[in-house]
Amino acid sequence: MKQRLRIYKESLVSPILFRSKIFSPICQDAPSFLVDIRDTASIRSIGETKGFSQKQLHVTLYHLTLRHNIDSDWIEKLQEILPQTKLTDPEHHPSIKNESPPSMTRVFVSIADCNLDYSSPTFFETESRSIVRLGDLRFSSNIMIPANRNQAYSISLGDLSYHISNQRISHSEEDSKLCCAPIIMPTNPGRSRRCQSVSMHGTTAEAVLREMGFVDILGLDSVDAVIAVTDWSCPGQKREPGKDPRITTSLTFGLLSVNACKDSFNCFAATVGELQAKLTALTDEDLSRVRGATVRRNQERTTSPAVPTVQPSMQRVSGLDSEQKGNSDAFLLDGYDWTEIDHDPLREWEIPDGDEQVAGWYNSLLEGGTCSTGLDPRVTVPDQMRGYPGRIIHHHFPFHSISNPMSEGDMGAAGHAGKGSELVLKSRVLIHKLAVKLRFYDGYDWPEKLNDREKKLLRRNGTFVIEPLPRDEAVKAKEALASEVASKFEDEDLTHMKRKVAIMADLLSSVQDVEEKSPFDETPLPEDRAKVIEQKAEMRRLSRKTKIYLQVSVNGVTVRIDAYEESITHRLASVIGVSVSDLFVAETASLSYPVKMLGEWVNESEHPRDTRFGTLMLKVSSAIAWRKVFISSTSALLIVF
Amino acid sequence: MRAIIDQRAIHFIQAFLRNDDRNEKKETWSSHLHLIPPPRFRSFRVKAWKLKVDYIPQKLDISALRDGSIVELINLSPIDGMVITLSQVSVEDVVGLGDVMGGLTSNWLQEIVSTQLHKFLANARLFEPISDVGQGLSDLVVLPYEAFRNGEDVRRAMTTGIKSLAETVTFQALTTSSRLTEYAANKMSAVVGGRYHNSAANALPARPTAAPKGIRDVTGHAMESLARGLHAANYKVVIVPYREYNRNGAAGAATSVLRGIPVMVVAPMTGATEALSYTLLGARNALRPDIRREEEASRTGFASYDI
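Those protein sequences? They're chains U and X, same order as listed. According to numbering that gives the first Met the number 0, the stretch in the first sequence is residues 0 to 640, in order. According to numbering that gives the first Met the number 0, the stretch in the second sequence is residues 0 to 306, in order.
This is chain U alone, in the form it adopts within the complex (with noise of 0.2 Å):
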């Protein structure tokens, strides 16, 4: 017992999964971690000589702590020492798949009040500690076992929140709190000095968090998915490989919000950039395997017939068009022949730049509809016209459609692969209704974080908090800074030599830092009071306004990816399609209310709309790389197509 617990006092050990000791939850009593599994009896179908199996599974897990760390492996760590189980391939055992009877399992996981703890690492530049609050995440599914064609799983998410806090905060107050903690994770002072210790007293997650220094920079409201796979190798309904996805997901939004001031918004950006960077550089090992799988594309390419390149989008690719196209020959609308469309599109009349209502005569005086020059609807017909109806008066009529152009058609798929190539869907992926605001707001989350050189760099009287002071006067200032800096170069060092042996005593003593004070020491001299206030007037002054901010709403986003498999026909890796209903950009810098800085231009008579496509529309084609994956002379990751 001893010597295991020695290896404690000389390891470093560190939560992963805990119950919150920094949070109170809504119910004390309610367990952690609770799994329910119900066995339901066999139940015999009318006319079914076999039982048909139904079990639920329930897990839940509430009010618990997932702490990240981006180097650890403990999940292959895991892996390695639980039992492997090879799982048994029906096929290659037929006598497993014959007489196993079918079942479902109705499997239910609700996750609700956890949080997702990262640290960003010592090596990284950006300084910064995240929790990510989960309201409540529910995931079900029906599992078939066989399984069938179709499989769902449905997934809602409520109440997300992300803080953010510009420094490492140390988790030794919270580790310190947990079940055996004193015998498992012995104080260690230099990894507590490292990190910024404070104190928890607050009652709510979020006035805890704010004590902390944490700030909530992110919240989305709700999530809704519905995930459904296909297996088109079962029997069933046959598949149009161009349009039917193996992998359909369907998710619905709410709100997505991010209020930040100017810190922490740089802070917030700054440290899902750099994870990001982490999680998606290539090893020279992933390197080499990416190359050997272009080389091996690359081969198949050359040695089959050839096949179209990416063909540059010069066709228009809206859904609408193709629609129009392939419904051109036989469109009557509510079955009337008058409604018949006749004609194609008049290629020749290129429609002006500013001036998109404009209509024109087709001249039936040449054949196939088609002519030379389209007629200007401005102008009165010509005299060899003579007998056409007249001049054409345009009048907009507003329509309101309720279908969705994104949710037909390819994209213009078939258009960007080339002619020739065999297009399978992948899997698609739809979202509806996204609602996306960006407030920024004038002043700093953390205003006691600036540095004087940031503040003297700041205009004290001006409009706005964040506001640089004028040009002259910044260089004034930096001048003034840097012989403030050259009068102490000669002290440096002095500083240096204590600054090394204070370091080395901090790390050499390993008593905990609690040095008595004398009672003395707290209580401030009258002219440190006055200073005292005017520091705190100042951080009041450059903390956040809330009256004072820019926001971006998007509103009514709906978003389509079209991702298709590898194919040596083509080299279209995915369409996407987005289309926004509401786009505006809004101040209250200039004026005490909000005002649309950039938005809709809602003009009915000199510029109407048409309500079945957004206020921004846009459409991006990608395409696998077949060439060279090679690295440059400064280590930059190249592609070449």
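In case anyone wonders, no lab produced these hints; they're calculated from the structure. There could be a bad hint or two in this list.
Unchecked claim - With a Cα cut of at most 25 Å, we get these calculated DSS-like pairs of lysine-lysine:
#1 436/U <-> 51/X
#2 455/U <-> 58/X
#3 432/U <-> 237/U
Use these hints to put chain X onto chain U, whose structure you have.
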């Protein structure tokens, strides 16, 4: 798109996005790794679009102008209703979204400078009424000529031209008068007490968020402005001297009365001017309801929890 840009908002955005000078550390953690490069765009195309711009400058930086920054000239006068048409732009073979945005912006700026620079002058607040009325006058000549050339009814074309000119002149007259009277009311109010100060001496109430649709909608605010002006005068000439009389006697009261005489004259005028300005605005909105809707759209459409 519709853009209402205040110079202060631009300064705020610049201050927010400004990169403070820091000693950049080298990213040593990624030295043995290969970071994924930004995406390469073979072609990035933006279709043609129109932008109607209002620009409200606050301050002209003369030193920057002296240093050769010609763009400062834009701060000489506000710009109203300038419609810019940006044609289709395509940027090809660029790496990263930053280069894409840079390419698009430079293309658009080049197009604006080469084809639409005159609009900055034509839509400057000083010249906008003149250019609009000039446009109306040209319609009076051009429309009948076009009708004659095309064999249409010249009389009808002349009627259309005259109607267009009359509408333009009336619209510009009402807009300019409303703005001038509003400016005068604000200046007088600043002398008396200020529009947004919540005090009894405030001669001007804040304008409603919703713009008036016509003359009938202005009565509420107009009456309130008149009443506020009289109230401010009453406060300065009657109430304050009475308080001074109770504190300091007749001498104090007399001094207060003397101080209050300018307010007694100016405050009712301020209220009346504001009422007139708002009435002219109502009349203008009745003539051009589409402009009213446009202006309202710039101030509404926020969710209730945003305000």
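Cross-check of the supplied hints:
1. 436/U <-> 51/X: 24 Å, holds
2. 455/U <-> 58/X: Roughly 23 Å separates the two Cα atoms, so the pair holds.
3. 432/U <-> 237/U: With a Cα-Cα distance of about 31 Å, the restraint between residue 432/U and residue 237/U is violated, given a limit of 25 Å.
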